[in-house]
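With positions in the sequence shown counted from 1, the corresponding number in this note's numbering is that position plus 1470.
Label-pair restraints from in silico Cβ distances:
| no. | residue 1 | residue 2 | range |
| --- | --- | --- | --- |
| 1 | N2010 | D1919 | 34 to 42 Å |
| 2 | S1803 | S1935 | 44 to 52 Å |
| 3 | R1850 | K2054 | 26 to 34 Å |
| 4 | I1636 | E1926 | 43 to 51 Å |
| 5 | R1958 | H1851 | 39 to 47 Å |
| 6 | V1898 | S1935 | 43 to 51 Å |
| 7 | D1945 | A1676 | 49 to 57 Å |
| 8 | K1917 | V1680 | 43 to 51 Å |
In silico PhoX-like links for lysine-lysine, alpha-carbon gap of 20 Å or less:
| no. | residue 1 | residue 2 |
| --- | --- | --- |
| 9 | K1690 | K1632 |
| 10 | K1999 | K1957 |
| 11 | K1952 | K1999 |
| 12 | K1906 | K1779 |
| 13 | K1906 | K1917 |
| 14 | K1925 | K1990 |
| 15 | K1990 | K1779 |
| 16 | K1999 | K2054 |
No lab work stands behind these hints, which were simulated from the structure alone.
Note that this is a predicted model, so its numbers are computed, not measured.
For each residue, glycine too, the CB sits at the ideal point set by N, CA and C.
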Amino acid sequence: MNRKRSFISDFISRMLPSMIASQLVITICSIIDTALAGHFLGEQAIAAEGMVTPVVLVVAGLSSIMAAGNANICSNESGKCNIDEMNSFFSTTVTVSVGISLIFTTLVLIFSPVVCMMLGLQRDSVLFEQTRGYMCGYVLVMPALSVIMVFPGMLQIEGDNKTSIIAVLTAFLLDIVFDLANLFVFHGGVFGMAMATTLSYWISAAFVLVRMSSGNHTVKYSIKSVRLSRIGEIMHDGLPALIRNLCIALSTAAINAAFLKFGSERYVSIFTVVSQVGELLICFPSGMCELSAMVTGIINGEEDREGLKEILIIMLKKSVIISLALLAVICFSGDLSARIFTLDKNILSLAKHGLRIFTIHILFRCISESYIGYLRGIKRHGLGNMILIFMALCTTVYAYVVPCFLGLESLWYNFVVVMFFNLVFIMVIICTISHKNPFMPDAWILKPDSFGIAKENMMEDTSLSVEDLCVFSSDAAEFVNKHGGSKRQKMLVSLCIEEMGKNIISYAYEKEKDPLLSIKLMFTEEGFKLRFRDNGVHFNPKEYYDLYSGKDDKVSNFGIRMVFGSASDVTFMNTMSYNNLLVKI
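Required output: the full structure, derived from the provided sequences and hints.
What follows is the structure, encoded as structure tokens:
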């Protein structure tokens, strides 16, 4: 059991930093605008950008719904090596996303005064005009953003991290250059700041499109591959991403409006500073949510009950560690974080106070979002959406009601109180559905007791030497015999373990400093299944077999030929930098 868990722990430990880092870099691009605006354009500019945040979140939400759905579907198709289907879903996603973004952009530009009034602004105020200017400049980024958001999932499936990194860094660096040009050359105000972000994303999107349309990429965009009939399936799988962004947008808009109602525009500026630093902090639970969904999807597909429990336990531990670390950083550098955006002493004092309170809620958010990701992984989208909607409604009600009784100061505690009760709400759901103690991991998996392969019907180990492999092969033969397998199945299981295992050990780890090979044998209603998972160099033995099976040379790679020629089915998928081979015997 411990050997099996080493894979899940290794998987999460390796991927979590990159997941969080990718979210941080994208968020920093937004923060650059606010920081420069605070120092060179003044308090009104910060408030204007803060008022536009809900629109920004809606823009991201509309882009993410298609991107998330496409990533989920294409990851499944990649396991079947169905390139035509992947190209079709990918091309359809890009085409429809750009179409929707163009329509949304046009509507916002036409009705921008109405949108500003919906955000709680008075038409004759200076803040109204600055908010409108920033919004009109920023919304032009949406077509490019809709393209950029599709690619991380596709690039991860193909194992191309370089293109994604270059694209993000390009947008980041160009945004800084264009922002400085706007401030010191063109003097375009907040509209120019928004256009700087827009231009940087358009250039980055163009780069990614060129890269994906050429080179060695398997998946390529083609207008001929577009199938509008697939829009419904894509949007169904991506709906949770949209709901999440809409709920966050509703929460932010409610708090902005409450600060205007019970305080002043200065308080909106203060909250904007807090929320901008808060966006960086929220990248951590967001990254945990995405990783939790990916890992859970893999383990859920294997019907591994103990593995699901382990994911929940590991993510809980990560939540505590990350939250305490962030709280310590903010406590010691909160003033420095706020100074990035403004040097106004009055704003700095309250912003530092609000930021420390905001950071406390990250623990509850990490746990909640990790579990929402888990629910996505086990296909319980409805429950995840219910949790998000509950959180948004509670935030809105709190913002408009509680300050009436406890004053303006109580608004700073909104996120802490709401996320705490959101976690309580999750536990009530778990207790209601599972009828088990919500403080026990087995209740949180939300699976019937019959779910998963019984312990006596599976065996798993890691083998990093030929000697270990031979021992496991011998144990596997006894396992097959114990479960009523035929002599042929017994021979094939041993052959497969030894040949495929030796091949991985001998050739996969030349460049890998921390190798990991997991082999799992399962007895199911369909027969015996062998799953190989390794973090070595990318190699598709199924593709290799299909390529050379018709050659006259029958001696080379005889073991692979024997395994693939005798197995009832073989499936290969490379995802998240791991080779995954499933052999049915």
